[in-house]
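Student: Chains as they are written, first to last, in the numbering used here: chain A, 1 to 232; chain B, 233 to 502; chain C, 503 to 720.
It is worth saying that the hints were derived from the structure and are not from the lab.
Do not rely on the hints blindly, as some may be mistaken.
[Claimed, not checked] Below, computed lysine to aspartate or glutamate pairings styled on DMTMM-like, alpha-carbon distance capped at 20 Å:
(1) B/Lys489 to B/Glu415
(2) B/Lys489 to A/Glu200
(3) B/Lys496 to B/Glu449
(4) B/Lys287 to A/Asp127
(5) B/Lys388 to B/Asp432
(6) B/Lys384 to B/Glu441
(7) B/Lys496 to B/Asp337
(8) B/Lys489 to A/Glu21
(9) B/Lys496 to B/Glu415
(10) B/Lys416 to B/Glu444
(11) B/Lys489 to A/Glu195
(12) B/Lys416 to B/Asp432
(13) B/Lys496 to B/Glu441
(14) B/Lys388 to B/Glu401
(15) B/Lys300 to B/Glu281
(16) B/Lys433 to B/Glu415
(17) B/Lys489 to B/Asp358
(18) B/Lys433 to A/Glu151
(19) C/Lys618 to C/Asp637
(20) B/Lys300 to B/Glu319
(21) B/Lys496 to B/Asp482
(22) B/Lys416 to A/Glu21
(23) B/Lys433 to A/Glu6
(24) B/Lys433 to A/Glu195
(25) B/Lys433 to A/Asp2
(26) C/Lys618 to C/Asp632
(27) B/Lys416 to B/Asp346
[To be verified] Some but not every residue of chain A turned toward chain B, in silico, with C-beta under 8 Å:
(28) Ser86
(29) Arg88
(30) Phe91
(31) Gly95
(32) Leu97
(33) Phe98
(34) Pro128
(35) Gly179
(36) Asn180
(37) Ile181
(38) Leu182
Source: prediction; values computed, not measured.
We put the beta carbon where it would ideally sit given N, CA and C, even for glycine.
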Amino acid sequence: MDFLAEGAAQALRLLAGGNREVWAAVWISVWVAFASTCVAAVVGLPVGYAVSVGRFRGRRAALVALNALLGVPSVGIGLLVYSFLSRRGPFGSWGMLFTPAAMVIGQAVLAAPVVAALTRAAFAGLDPRARQTAVSLGAGPVRVALTAARELGPALTAAVMAAFGRVFGEVGISLMLGGNILFYTRNITTSIALETAKGEFALGLALGGILLVISFAVSLAVHVMRGPEESR
Amino acid sequence: MRRLALVLAALSVGWAAPVPAAGGGHLRLATTTSVENSGLCAAILPVFERRAGLKVDVIAVGTGQAIKLGESGDVDVILVHDPALEEAFVRSGAGIRRTLVMVNDFVILGPAADPASMPSCASPADAFRRIAAAGGPFVSRGDGSGTHLREKSLWKEAGTAPTGAWYIEAGQGMGPVILMAGEKRAYTLTDRGTWLAMQDKANLAVVYENPEALRNEYHVIAVNSARWPHVRLREALALIRWLVSREAQDLIGRYQKGGVQLFKPAVPAR
Amino acid sequence: MTGAPALAARGIRRSFPEGFSLRVEDFAVEAGSICGFTGPNGAGKTVLLEILGLVEPPDEGGIELLGRRIFPGPVSREERTALTFVMQRPYLFRGTVAWNVGYGLAARGLAGPERKRRVDACLERFGLGDLAGADVRRLSGGEARWVAIARGCVLEPAVLILDEPDAHLDEPHVEALDGLIRGMRGSTTVLFSTHDPARTRICDHVFALDQGAVQQAR
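Use the sequences and the hints to build the structure in full.
Tutor: Shown next as structure tokens:
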């Protein structure tokens, strides 16, 4: 119980005091998660849409695969991407291991199936007349997709936010691909891992609290950005 | 919708933000968690960074993994503490300019009650034999780190292969292992530096120490550019030169945690 | 029939697992004519109109629009825009009445003042001027249906297909509908289905459907 109170006090001290390491970790957490969520959205939204409304051979298989990918543990993904990015791996010459870019790639691989699966579910729940109407009014396939997305309202934003939440709090990929390098690839979660390993539980809790506060803030910001029609 | 797009566009400009300003470039150093967790790197490396105009990326893993990173060219230089692995690394041509940087020793930790009655042991091997006889429990790093490798060689010397429920292979870093040993009232082998950093966090005591027999040497080795042309050999050699310079050696010797010196410089002060 | 028929369908087959199947051997309507489709529920009116409107594909058969085969085969943008279908239960997009009415024009690449002009003109013609900025969720069932019809008509298609446009429509709108369709004779080919025999008064041709088979009644 001691830890919690101490943790809370320490969190405030760290942030207010402008502790360089903590602020750097916050910065890295937010940007890496943001970038990987963007990549995941760019990949996942169209894939989810295609699997939901498309009629192609192997659609059933794609659906099964999509749901299976959701279950892959983050360390598994970390390991897989590591083997690609290591100097011994096929993309070793890019020298991307132990950089924030590597973390973004790994996290994007983790998040894209989340976006795709939730997008698919959202479109599956959409009234089929929406797309039929768009088609009958002369909309091309891209406009039909955008119109369908518009009709879904907050569901797609929620899918992307779910992906953000998934990567913002993950640690396995960040550690393995980033190397937990101070001021470079050390984010909040890897800092928590480090401090906990050093027995600094209160500090770990403080960092965890900061993580939570930021998650709330992001969620709130998105809610506000969506505007008044959120009540739908 | 448009608002969202604008915000996204604005924020995506900063996606390069985590990447620090180009300028000096990065030198990748793989070292052990015990060195990193002691805080030594954060304390002394900035001096080198300023001098050399470089950023040193410190990746903290076990000695075994650090050597593998060196072998695969994923880092430019390593700072580790297992003589056997290091010598093999250099013999294979993967590493060059192996240089002693600092020294401390290993100690055996145990519960205050100390059922194996350790202080009277004649040698570390003897100590390990007593632990096995008493049924431990003993928590091992189990992760191919320098400490783990030393522990394994001690078991070999003691002539007992540790098996049984009393031998716990944690597969974690030194910090968590010490905490675990405290929780389980077990014995464990640790470098003195980590112990000093953790001593107020675990209910353990040093039950056996022998600075000569348990001497722990840290060497720095550069990755051979003949094997991996992309490694920053010049910068790695500069780091090695600096680490044994008077300035760095003094910094190492003066580095303290909780009022205690953690590492002895290889080149003693005159 | 002089000249190519506006719309023709041959050898159409569409079967459903429940056992119902639609069979249309040879069907054609001349340009500018008004055709009504009658028949009891379940006779296949909606299925036929959806097929002719290119909303649902038949299992077999071919469809020609203005003499060009458009099914089977990909439908080009111009062909798609020559044909407009208004569903039995229309779906209005989230937003305002004006946004909905302008949707098809936007899809055609019409933008800015030109689109606004046409939307406004259409809203006037349909008496929807006051509701231009109204959120579609606030419309009554009849108003929503009327907006859907306006949305189709603003595109000035060569062929307009309406599935039971008079259902759930308030009386003044029903009269306006009659007037609208009558006014299109000669310029637009109109096909619509209805339960109300009174509606077929304005038709040049009437087709009766029964259990998936079509008979020309007039």
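Student: Look at each hint and say if it fits the structure.
Tutor: Now for the hints, and whether the structure bears them out:
1. B/Lys489 to B/Glu415: Given pair B/Lys489, B/Glu415 is violated - Cα atoms ~23 Å apart, limit 20 Å.
2. B/Lys489 to A/Glu200: holds (15 Å)
3. B/Lys496 to B/Glu449: holds (10 Å)
4. B/Lys287 to A/Asp127: violated (56 Å)
5. B/Lys388 to B/Asp432: With a Cα-Cα distance of about 31 Å, the restraint between B/Lys388 and B/Asp432 is violated, given a limit of 20 Å.
6. B/Lys384 to B/Glu441: holds (17 Å)
7. B/Lys496 to B/Asp337: Since the Cα atoms of B/Lys496 and B/Asp337 sit roughly 9 Å apart, the hinted pair holds (cutoff 20 Å).
8. B/Lys489 to A/Glu21: holds (19 Å)
9. B/Lys496 to B/Glu415: violated (30 Å)
10. B/Lys416 to B/Glu444: violated (29 Å)
11. B/Lys489 to A/Glu195: Measuring from Cα to Cα gives roughly 16 Å; hence the hint holds.
12. B/Lys416 to B/Asp432: holds (16 Å)
13. B/Lys496 to B/Glu441: Holds - the C-alpha atoms of B/Glu441 and B/Lys496 are around 16 Å apart, at most 20 Å.
14. B/Lys388 to B/Glu401: With a Cα-Cα distance of about 16 Å, the restraint between B/Lys388 and B/Glu401 holds, given a limit of 20 Å.
15. B/Lys300 to B/Glu281: Violated. B/Lys300 to B/Glu281 sits at ~25 Å, over the 20 Å cutoff.
16. B/Lys433 to B/Glu415: holds (10 Å)
17. B/Lys489 to B/Asp358: Roughly 31 Å between the alpha carbons, so the hint for B/Lys489 and B/Asp358 is violated.
18. B/Lys433 to A/Glu151: Distance ~56 Å between B/Lys433 and A/Glu151 Cα, so the pair is violated.
19. C/Lys618 to C/Asp637: holds (17 Å)
20. B/Lys300 to B/Glu319: The given pair, whose Cα atoms are some 14 Å apart, holds under the 20 Å limit.
21. B/Lys496 to B/Asp482: Since the Cα atoms of B/Lys496 and B/Asp482 sit roughly 9 Å apart, the hinted pair holds (cutoff 20 Å).
22. B/Lys416 to A/Glu21: Distance ~33 Å between B/Lys416 and A/Glu21 Cα, so the pair is violated.
23. B/Lys433 to A/Glu6: Holds: B/Lys433 and A/Glu6 sit about 15 Å apart, inside 20 Å.
24. B/Lys433 to A/Glu195: holds (13 Å)
25. B/Lys433 to A/Asp2: Distance of about 14 Å is within 20 Å: holds.
26. C/Lys618 to C/Asp632: holds (15 Å)
27. B/Lys416 to B/Asp346: holds (13 Å)
28. Ser86: holds (6 Å)
29. Arg88: Holds, about 5 Å.
30. Phe91: violated (12 Å)
31. Gly95: Nearest chain B Cβ about 7 Å off; hint holds.
32. Leu97: Holds, because the Cβ-Cβ distance from A/Leu97 to chain B comes to roughly 5 Å (cut-off 8 Å).
33. Phe98: Since the shortest Cβ distance to chain B is 6 Å, the answer is holds.
34. Pro128: violated (23 Å)
35. Gly179: holds (4 Å)
36. Asn180: holds (7 Å)
37. Ile181: At about 4 Å, which falls below the 8 Å cut-off, the nearest Cβ of chain B leaves the hint on A/Ile181 intact, so it holds.
38. Leu182: holds (7 Å)
Violated hints for the displayed structure, listed by number in ascending order: 1, 4, 5, 9, 10, 15, 17, 18, 22, 30 and 34.
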